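Protein chains: 2
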Amino acid sequence: MLEQFIYFCKMNFSSKLLEDAVNEFSKLPGVGQKTALRLVLHLLGREKEEVTHFGNSIIRLRQEIKHCTVCHNISDLDVCEICRSNKREKEVICVVEDTRDVMAIENTSQYFGAYHVLGGLISPMDGIGPSDLFIDSLVQRVATTEVKEIILALSATMEGDTTIFYLYKKLKDFQVPITTIARGIAFGGELEYADEITLGRSIVTRVPYETAMK
Amino acid sequence: MLEQFIYFCKMNFSSKLLEDAVNEFSKLPGVGQKTALRLVLHLLGREKEEVTHFGNSIIRLRQEIKHCTVCHNISDLDVCEICRSNKREKEVICVVEDTRDVMAIENTSQYFGAYHVLGGLISPMDGIGPSDLFIDSLVQRVATTEVKEIILALSATMEGDTTIFYLYKKLKDFQVPITTIARGIAFGGELEYADEITLGRSIVTRVPYETAMK
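Heads up: the protein sequence lines correspond to chains A and B, in order.
Just so you know, the first sequence maps onto residues 1 to 214 in the UniProt record's numbering.
Just so you know, the second sequence maps onto residues 1 to 214 in the UniProt record's numbering.
The following block holds chain A by itself, in its conformation from the complex (with noise of 0.2 Å):
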């Protein structure tokens, strides 16, 4: 194909319901003009039901999905499934930064509490402060019902331990144990290119290799 010379000069399209459908595609995160380009043309090559289902998820997804009024996790129905059941310790709270965190800690089936989704994490540069997140709500859960342990599971990045700072000055007084995810060396790291603040940390934080083998 000869689209390679595309890339240096404005698009010609031949219709206007498809540059239409290109620039709504170039919108999105990580996708220029040509990937928009290959984009559409392959949903021109789909099956009308299929693309005009695909058109609707993205149109009901925006228009009917929910916040969980509990955990402001993503939702279908006003308290989400994890704040529903009834097998999960609710005393516990894991808190994260969005809903990849939560699924992310849901695949690794070790954790039986329930979340609140911050929806972001403390950052001036980006101008996101903590009136922007769900930092009330989590101090108004803390003190309205039982709490056994709060865990502050964010990043460890800047922002991440900005936020973790500033929450554990929020919520020291309420005498609830709040712990952080362990930071250490990944699996299958090797030592010899660890950060020396990483392998620092993670000597000072060791554990008795009777903990680490559970």
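A few of these clues could be false.
You can't tell identical chains apart in this list, so a pair holds if it fits in one copy or across any two.
Said to hold, decoys possible - Straight line, CA to CA, 25 Å or less: simulated BS3-like cross-link-like pairs of lysine-lysine: (1) K16 <-> K48; (2) K48 <-> K27; (3) K66 <-> K48; (4) K90 <-> K148; (5) K66 <-> K34; (6) K66 <-> K16; (7) K87 <-> K16; (8) K148 <-> K170; (9) K148 <-> K172; (10) K90 <-> K16; (11) K169 <-> K90; (12) K87 <-> K148; (13) K87 <-> K66.
Hints listed in this document are in silico derivations from the structure and should not be mistaken for laboratory results.
The structure presented is a predicted model; accordingly, all values stated were derived computationally and were not measured.
Following the hints, position chain B against chain A.
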């Protein structure tokens, strides 16, 4: 984010709507489950009206788009803009694989004739034979209208060459000049990295300097 944990196991979606949208996105070429989830979460953060417009643009694209009855290019009307224009030289037909190639050639601003979109290339490996392409309608067009030149602008691949050979056999009896676009060293290309076939052909088909200057 902890999302990198996800990739090795099935995703646990907290919502059916979310799962449905992620599955639909991951049917697109080059989009896996993780990318699909990223795109869907991006859409959830956008305005409702914007996302509805996106969904509708996809549905309308597939349901309302037409192919020009003359050249088979994608079009909003029964006959495309190029075929309707009286500024274009209708007696010259440039035969291309698909609409992307039309866009690429239009972008060069060097061609002022009409097009004929084949809709693919002959490729026995993929089960695409001459009858799957708009070849008969091209022969019809050459037989019934006045044609001064047929330019075969197909990719320099095995499939492209096969298609060119097939078209040549079908069209040669009409006494119309048949040309192919020039093969050679691309602009910015260095001789030492060019393959032998391209370099060899570019020596055999060398052009007078005055012609190359134009």
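These are the hints, each one checked on the structure:
1. For the homomeric pair K16 and K48, the shortest alpha-carbon distances inside one copy (19 Å) and between copies (23 Å) are both at most 25 Å.
2. Taking identical chains as interchangeable, the C-alpha atoms of K48 and K27 lie at most 25 Å apart whether they share a chain (23 Å) or sit on different chains (15 Å).
3. When the C-alpha separation of K66 and K48 is checked against a cutoff of 25 Å, the pair qualifies only between copies, where the shortest distance is 13 Å, while the shortest distance within a copy is 29 Å.
4. In this assembly of identical chains, K90 and K148 lie within 25 Å of each other by CA distance solely inside one copy; the values are 9 Å within and 80 Å between copies.
5. For the homomeric pair K66 and K34, the shortest alpha-carbon distance between copies (21 Å) is at most 25 Å, but the shortest distance inside one copy (34 Å) is not.
6. In this assembly of identical chains, the alpha carbons of K66 and K16 lie at most 25 Å apart only when taken from different copies (11 Å versus 34 Å within one copy).
7. With identical chains, the CA atoms of K87 and K16 are at most 25 Å apart between copies only, with a shortest distance of 21 Å across copies and 53 Å within one.
8. In this assembly of identical chains, the alpha carbons of K148 and K170 lie at most 25 Å apart only when taken from the same copy (16 Å versus 81 Å across copies).
9. For the identical chains of this complex, K148 and K172 are intra-copy neighbours only, at 13 Å inside a copy versus 85 Å across copies, given an alpha-carbon limit of 25 Å.
10. In the homo-oligomer, the alpha carbons of K90 and K16 lie at most 25 Å apart only across protomers (23 Å), although the nearest pairing inside one protomer, at 53 Å, exceeds that limit.
11. Taking CA atoms no more than 25 Å apart as the test, K169 paired with K90 passes inside one copy only; the shortest distance there is 23 Å, against 76 Å between copies.
12. When the C-alpha separation of K87 and K148 is checked against a cutoff of 25 Å, the pair qualifies only within one copy, where the shortest distance is 16 Å, while the shortest distance between copies is 78 Å.
13. Taking the closest pair of Cα atoms, K87 and K66 come within 25 Å of each other only inside a single copy of the chain (23 Å); across copies the shortest separation is 55 Å, beyond that limit.
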